[in-house]
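Number of protein chains: 2
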Amino acid sequence: MGSQVSLRAVPGLPLIAPGDDLAQLVADRAALCDGDIVVLASKLVSRAEDRFVEAADVVVSEAARALADEVDKEPWIVELILRESVAVSRKAPGVLIVRHRLGFVSANAAIDRSNVGGEDRVLLLPENPDASAAALCARLAELTGVRVGLIISDSFGRPFRVGTVGVAIGVAGLPAVWDQRGGADLHGRTLEHTVTAVADQIAAAADLVAGQAGEGRGAIVVRGVQWEAAPGCAGDLLRPAEMDLYA
Amino acid sequence: MGSQVSLRAVPGLPLIAPGDDLAQLVADRAALCDGDIVVLASKLVSRAEDRFVEAADVVVSEAARALADEVDKEPWIVELILRESVAVSRKAPGVLIVRHRLGFVSANAAIDRSNVGGEDRVLLLPENPDASAAALCARLAELTGVRVGLIISDSFGRPFRVGTVGVAIGVAGLPAVWDQRGGADLHGRTLEHTVTAVADQIAAAADLVAGQAGEGRGAIVVRGVQWEAAPGCAGDLLRPAEMDLYA
Chain G
1 MGSQVSLRAV PGLPLIAPGD DLAQLVADRA ALCDGDIVVL ASKLVSRAED RFVEAADVVV
61 SEAARALADE VDKEPWIVEL ILRESVAVSR KAPGVLIVRH RLGFVSANAA IDRSNVGGED
121 RVLLLPENPD ASAAALCARL AELTGVRVGL IISDSFGRPF RVGTVGVAIG VAGLPAVWDQ
181 RGGADLHGRT LEHTVTAVAD QIAAAADLVA GQAGEGRGAI VVRGVQWEAA PGCAGDLLRP
241 AEMDLYA
Chain V
248 MGSQVSLRAV PGLPLIAPGD DLAQLVADRA ALCDGDIVVL ASKLVSRAED RFVEAADVVV
308 SEAARALADE VDKEPWIVEL ILRESVAVSR KAPGVLIVRH RLGFVSANAA IDRSNVGGED
368 RVLLLPENPD ASAAALCARL AELTGVRVGL IISDSFGRPF RVGTVGVAIG VAGLPAVWDQ
428 RGGADLHGRT LEHTVTAVAD QIAAAADLVA GQAGEGRGAI VVRGVQWEAA PGCAGDLLRP
488 AEMDLYA
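Those protein sequences? They're chains G and V, same order as listed.
If you count the first sequence from 1, position 77 lands on 77 in our numbering, and the numbers rise without skipping.
If you count the second sequence from 1, position 131 lands on 378 in our numbering, and the numbers rise without skipping.
Treat each hint with caution, since some may be false.
As the list claims (entries may be wrong) - Estimated spans, in silico, between C-beta atoms of each pair: (1) V:Pro265 x G:Asn128: 51 to 61 Å; (2) G:Gly12 x V:Ala334: 46 to 56 Å; (3) V:Met490 x G:Pro14: 38 to 48 Å; (4) V:Asp319 x G:Asp120: 31 to 41 Å.
Stated by the list, open to error - Far from chain V, by Cβ distances over 12 Å, these chain G residues were calculated: (5) Gln24; (6) Ala63; (7) Asp69.
These are calculated hints, taken from the structure and not from any lab test.
Since we're looking at a predicted model, the values are computed, not measured.
Just so it is clear, CB atoms sit at the ideal spot from N, CA and C, and this is done for glycine as well.
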């Protein structure tokens, strides 16, 4: 890793609408340099991909209705959460934590109700964030002529600890984890627990700059992290349920 | 939050030894400005506070010996893990995750075996990281004449996700969480889930710069995060066990 890292918001980005060329909008404003990592809030990508859903278009199943009653949430929201997930992880009044179809565990399947323009409208995650990241990364390289990494981020709660942190749900161009196992410490002792979730740490750092309230700062350029081009993906950050003591 | 944030390692820090004046060592090298946040890897603070333990000095209880056998770890290490914790959270061969006496959940009670100078020697966390953070923060302000925040960080694994991330185990001077509940989104809709673990995000960002292998980069200066002086502490980041669906 570098000894100096800087993060800045891409200035002047408009509110993203379905069909927008997000890579072009970023490339025009970001003055990207070789080795930069672009972190895009998932909602920017979801908006560009038109992942909006209107309440009126959701047919609610009996299972969703019963679960909605149990957890005290709106039935159409619970229907969408179930469609986006493969299993319920934990539930309680006001709380519905699921294993998303993409593999990660999150509250409400990371469905977004803020800044979508109405109570009867939500925004789902991108259909395939790793594929979106790869396409955006390739297009940014094409537009700018420089080597960049790309992370699509979201803010997740966690067990044990209060508050949300940025995590990587899509990764392209750079490694998602940084594996130092087998390396040596200062005294020559073999390092044991040294798999670092570098893409999650970059997403958390970017979230510091992006804030939470609006779209305006949803694209962040991270400069100074040393990385080698590698076929990383957000899936590398997921522990399979059968290997997870908290599943 | 600011629209530009930078992080840099404090250069030229020596390997910290028991009794060292860590605040003085940082103040002499960091050129701190008003509003900077200093992130110190916990091992620096533990070294200064002489939290080393030698295997030869550990009397192993029967309970520790039985648990060590069960999880396939060295008995003296398990004895120390149990002394540092209030409950076992999960166990499996090779894995011992506990609720630390300080309240957080971590593998091996965050006892450090890297870079301590021998197989028969470990480094415990500081006795009271929030108190250490407060003392270091006050001393840095005294030495430099500027307002700084201070975070003591460690690298923790997590449920569901692979790899470690930096987290805050001691906080002083700044808020540990940033609570926007009751604020409004771009469309005037009340924000729901907007408690951000800002101190954890700062610790994760700092860990990007600090790397994992050595002491040399264990002190990081974060510049550009907007914060108001507040009596934050790392305890603000901990969800009580009785309110945790994964406890």
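Checking against the hints above, which ones are violated?
Number 4 only.
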